[in-house]
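Q: When you get a sec, could you build the whole thing from the sequences and use the hints?
There are 2 protein chains.
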Amino acid sequence: MNPTMEIFSQGEEIVTGQTVDTNAAWLSQQVAQMGFTVTRHTAVGDKLDDLVGLLREISARADCCICTGGLGPTSDDLTAEAVAEAFGLPLEFDNVAFEQIKLFFARRNRIMPELNRKQALFPKGSERIDNAWGTAPGFSLQAGRCWFAFVPGVPMEMQHLFLETIKAGLQSRFSLKPGKLISIKTIGIGESDIQERISAVDIPAQVQLGFRAGADEVQTKLWFPNGYPETAMATLITTVASQLGDYVFAIDGLTEPTGDLAAVVDKLMTAGKQTLAVIETASQGLLTAKCIGAQWLLRTMYEQSLGRLGDKLAVEINADDLMETAQALAAAMQKSSAADFILVQLYAGDNTALHDKDKSIVLYNALLTGAEFHQSVHSVAGPIKRKQNQAALLALDLLRRCLQHK
Amino acid sequence: MNPTMEIFSQGEEIVTGQTVDTNAAWLSQQVAQMGFTVTRHTAVGDKLDDLVGLLREISARADCCICTGGLGPTSDDLTAEAVAEAFGLPLEFDNVAFEQIKLFFARRNRIMPELNRKQALFPKGSERIDNAWGTAPGFSLQAGRCWFAFVPGVPMEMQHLFLETIKAGLQSRFSLKPGKLISIKTIGIGESDIQERISAVDIPAQVQLGFRAGADEVQTKLWFPNGYPETAMATLITTVASQLGDYVFAIDGLTEPTGDLAAVVDKLMTAGKQTLAVIETASQGLLTAKCIGAQWLLRTMYEQSLGRLGDKLAVEINADDLMETAQALAAAMQKSSAADFILVQLYAGDNTALHDKDKSIVLYNALLTGAEFHQSVHSVAGPIKRKQNQAALLALDLLRRCLQHK
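Protein chains in written order, with our numbering: chain A, 9 to 414; chain B, 9 to 414.
Read the hints as simulated data drawn from the structure, not as lab findings. There could be a bad hint or two in this list.
Note that the list lumps identical chains together, so a pair holds whenever it fits in one copy or between two copies.
[As the list claims (entries may be wrong)] As a list, the in silico BS3-like pairs of lysine-lysine whose alpha-carbon atoms are at most 30 Å apart:
1) 343 - 281
2) 229 - 367
3) 393 - 281
4) 110 - 55
5) 188 - 229
6) 367 - 55
7) 275 - 393
8) 320 - 281
9) 175 - 185
10) 343 - 320
11) 185 - 229
12) 365 - 175
13) 175 - 132
A: Have a look at this one:
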């Protein structure tokens, strides 16, 4: 049996819905991968009685609990006080923490407000978790059955403290038997098509198969229990992936995380030292924005009107053959651009079809690499946001396919 | 005292962190506006004992509870069973629900799988909540102190059922005294500067003041209790907003929601029937993508190299006076574009400065409206994602200021 973990989030902004609690999901993914079974998430506001009651409940119910929020300097930050009351531990002033807090302000040329003094108070017997990322140190302690770690609710600070301190603490305290989660990430193929292709594969009962369809990709997930033989695992992953062919743009869980399609393309383009120029239409800047920060993206154009786009590049538009037109535009762009590759995205159907959720558009992508043309054609339906996002992804995916299969 | 509300989310995908629970935040915002006090969010997986225990806890603790998830057809969808066990209510087959489920499949030319029959079983004494948006009907019932409503976890279905059925049910069951939340939304000014400007305003003790800083905007929030006099409210809002001057791009809570900066610009551009062409550099397509779907955006260009941008538009680049260069580029773009307005964004500092989180860049925005130039200059620091996002927003904000103050 895996040890159980609960996630506890404190803050009025969470219970009132002003903030979506992304910390709980992030922490759960982390600890599930380590071999914990996450049994419950709870969020409460800043009422002392609620906090005290909940801490006592959890201390009797879970092996471990990570709590976020309530460590700030103001009167509604009650976590340390609640822990003290729940478990009958007096608050003690920690000089080291106090020096750290003062230093945080001094480094920013600011005077520490008197309020922040409170952040150096910890329940007796707790261990301080130093925070180089903000003013609030965290702390951990054992209470009843449960080992608690308390960290700030600011996601960036929480993530650093988890990865740099808490994770090691958990590994030394618990005997963990992590399984392995593999995500095969695809683009351009739907969940039901994936299921059909995979149905041919014999998946052992102890391996859990799952799917996760997002706006940008579909993930086929294989969860292997602890101790599953490495070679059998590798064979099964390869078999499933090969059923999905080159819809697969990345496999997560083998080594480091691969990121989304744009991250995969970024890695390939950077490795190949190639540069790109883009003409986008349906995706209206979204393709460019998905490559944000990419050094290899030299120039992009968006033009609402296909006619004006043709005028600008002195290309005759042939509405009956948009692929030919896309190729002509790519050739024209190549002359005026320093980029190695030219990617052109056109679509059939006018601006009205793009906006009408009941109409589909047909996308024509042409990629010019030196003297060679690559192309793809897709039909995309749904609300404009979906169409534009798919248009950006599918053009980028044509580039990915060429780069991966060269 | 407001009646208390808890939100209960069921699903392994939530406790394992595969899905961020956005339902809890959405529902909390809705019911807080109606006059409930949300006291707790809880998420558990699909273990029957956990569900039963939690339902009993809540029935003794809260006046009302909305539960999402666990109404699907598969064996891990246990909500109805858990309710039956928790409160000793046998499950009863509902013929009307069964017909609805069959119809859902018939309309899609599919045969109803036998599994879905289960979705027509409800705990005795519960009231069905018809679902025109999916296969799973919801249900509601009183148990102990608490009125429960159970709805599917698919956000779109949940939102429809809440707005179309549950909301009215809550209003008829509870005597609600909603307060009023006003959000004054600003861009280009930080939270501490806002606090300093507002410190001059005398805010009555019964009005709660709060701040919320996001990547795209800072919100100054005023929460007025039920029965607060309308004129005093209007005066206070105007006073606070005037302290923030034209950093304010929208005020939420007065009539319908205003949306983000791009939505505000979209409304103004559409109302004025103007069109726009854009040259963006630092924001690399993000500005264009923020206006996604906008009919008034005719053309945009991104060019990584300022030299190549100058060549393309036959404009001499003056690195010592980027505002002059931006204006010259706008004038050149105006000649070759059909757009009414031309917005040009340049920045001082090279691509390396853009990528280095310890270096700042200076943004030069020029907007040409007919024969008139408008301009803004900003220094932006931080990681590239922040710099690029701010670059997109601040250029768009120059456009917003001109449109609002004409």
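Q: What hint numbers does the structure not satisfy?
A: Going through the list in order, the structure violates hints 2, 6 and respects the others.
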